[in-house]
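Chemist: This is what each chain is made of:
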Amino acid sequence: MKSRNKKLVLAVAVMSVLALMVLLTSAGQGERAATAPIRIGVAGPHSGDLATFGLPTVNASRMVADRINEAGGINGRRIELIVEDELCQPEVAANTAAKLIGDGVTAIIGHICSGATFAVLETYLDSNLVSISPSATNPALTQSGDFPNFFRTIASDDAQARLQVDFVLDTMDARRIVILHDRGDYGRGLAEFARGFVEADGRGQVVLFDGITPGAVDYSAIIARVEAARPDVVMYGGYHPEASRLIGQMRGRGMTVPFISGDGVQDDAFIQTAGAAAEGVFATGPMDTADNPMAQDATSRHRERFGEDPGPFFMNGYAAAVALFAAIEAGGTDYDGIRNALRNNTVETPLGPIRFDERGDAMGVGFAVYQVQNGRYVELR
Amino acid sequence: MNYFLNLVIGGLTRGSIYALLALGYTMVYGIIELINFAHGEIYMIGAFTALIVALALSFLGLDGISILVIASLIAMVYSAAYGFTMEKIAYKPVRNSLRLSALISAIGMSLFLQNYVRLAQTSNFVPFPTLIPEMQFLQTLPVRINSAQVVILTTTAIVMVALTFLIKFTRIGKSMRAASQDKTMAMLLGVNVNRVISVTFVIGSATAALGGVLISSFTGQINFYIGFMAGIKAFVAAVLGGIGSIPGAVLGSFVLGLTESLGAGYISSDYEDVFAFAILIIILILKPSGLLGRPENKKV
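Residue numbers (the numbering used here), protein chains in the order written: chain A, 23 to 403; chain B, -15 to 284.
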């Protein structure tokens, strides 16, 4: 009796699962009709301490998508954005990717952090999906050749490290150089490029190269070590929460050594948290786009709609959305069509006219050096 | 030599903070054999409370030290209330079920408190005011020591002495020792075990909050996630010293703080966590019950 009951339950369970699958597939087919919206995933950190890096791209994607939808969509199909938060954590991003694929997206704008981006590209590649990031700067993303589905509207870290090292050696005339990083894909990558360039140049000397633990209770030990190395400059690869603690503790000990970092620190959140200690800090970041008419237009519309100035990577995110939608319009919604259009067509963006090279890097996008002066980042030169 | 002393002071500072947290872990474990994973969150809540109080008080124009004292006291009371409530809501109902239930309840509590603070306050890092003023006489010392470090070290020492006194010589301390030896027997002899457990949570939470306030005014920034890493490290310190033993937790914390600091200073800060966990493994291999832990005698 008991075993028969069990069998019955099993049969009902199997049948209900099958019924569900039938329902799901038929729903999926219905949506693939020619007038159905084109779904685009937008993935990045939208909460947590790195949210300031992710949210501007969401705003940018919304602004570009709304504008296209108001004008009738792409070939008559509306754009529907599916926004997913992954906190810049690789393990969360893997789930996000699976969800976006399940939602039937055509392409993805994102991800934001290099570590999370590495975690998802293979999954997207298996599903023939293009991913276009406004901010993932790790060089291997494009240079390894492993991810033909990856594009980005920002220059890679080696270009950024090159600029930092040139600035340190030529402009600051520094010779004893300490390089710290946060051990993440982005921070360590940036730091290792910087070390390579310093050593290749020969004028300067890396007197200390070490990683710090994000979230550790305090950084006294590593700071004592930096002090003992008597550096002319401290270079840091990582994000602003650790940078503001490092600089705060260093200035608190009376160390006045110059501090230079990358676009992970070139954010107003760094100045707010570090306060007075932020003054004089250098950081490289995407070039100022204030002169570009499309950027000016995007900024003023952003102010109108959201009541504030756009945040970090907004212009890169805007450019990514513009380039992606143009490519879908020109090449259709299939993988090869989008890729060919991204590579062959030049698009007008807030960063200037861009086109992608064979590896997926945007041509004509670069970095500039900024310095905190009176509580604001000011572009040097 | 100077460099070495710098690292030692850094290590002791770190160890003090771990110790203030590890006390809560070890005291709770000593009595109800529960690893209270939400303990780090109490530390974080203490820091947030102090920040809010400090911002309110700075409008009144008080000086740094009095703000620090008032903010710490309020944070301790507030966090103690959290600890008390947490025990009543999350641990008391499952006290007599499997130990795993209480453990999962603790993890749930930890996630809940983290996300509660994230939503109620902010997900960003917020600057924490430097409340401890520079002390002039420190400039004359040959060793570089920060006034915040002095305050952290002395406060921890005072708390340790007070706690030892409480446990050794007061009535409630005696009840705590009795309850940790044998809960049922203590109950039969008229000890109000429920009250003892509540008091343990209150004391543990208050010291954790104090640690949170002190380290935040030293590092200058907090967010909702600071309790996680500090909690894990303090837990390691408690296990290292012998979980359940109060002097053990303190010793374990200093061993851990010094190992991390000297390891980072002389070898590489890249491997800071590796040193912390390596020393844990080595000590547990040599002495499975921790440095000062009682060897477990299975009752037959």
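No lab work stands behind these hints: they were computed from the structure. Idealized CB from N, CA, C, for every residue including glycine. One or more of the hints may lead you astray.
Said to hold, decoys possible - DEER-style ranges, computed between Cβ atoms:
| id | chain 1 | residue 1 | chain 2 | residue 2 | range |
| --- | --- | --- | --- | --- | --- |
| 1 | A | Glu144 | B | Leu87 | 43 to 51 Å |
| 2 | A | Val229 | B | Val258 | 17 to 25 Å |
| 3 | B | Ser42 | A | Glu330 | 22 to 30 Å |
| 4 | A | Ala298 | B | Val(-8) | 47 to 55 Å |
What the hints assert, rightly or not - Cβ-to-Cβ under 10 Å is the rule here; a few derived chain A residues that face chain B:
| id | residue |
| --- | --- |
| 5 | Ser69 |
| 6 | Leu202 |
| 7 | Ala238 |
| 8 | Ala243 |
| 9 | Arg247 |
| 10 | Ala250 |
| 11 | Arg275 |
| 12 | Thr278 |
| 13 | Gly359 |
| 14 | Pro375 |
| 15 | Arg377 |
Chemist: With reference to the structure, classify each hint as holding or not holding.
Modeler: Here is how each hint holds up against the structure:
no., hint, verdict
1, A:Glu144 / B:Leu87: 43 to 51 Å, "35 Å, violated"
2, A:Val229 / B:Val258: 17 to 25 Å, "23 Å, holds"
3, B:Ser42 / A:Glu330: 22 to 30 Å, "27 Å, holds"
4, A:Ala298 / B:Val(-8): 47 to 55 Å, "29 Å, violated"
5, Ser69, "5 Å, holds"
6, Leu202, "8 Å, holds"
7, Ala238, "7 Å, holds"
8, Ala243, "4 Å, holds"
9, Arg247, "6 Å, holds"
10, Ala250, "5 Å, holds"
11, Arg275, "7 Å, holds"
12, Thr278, "15 Å, violated"
13, Gly359, "39 Å, violated"
14, Pro375, "36 Å, violated"
15, Arg377, "36 Å, violated"
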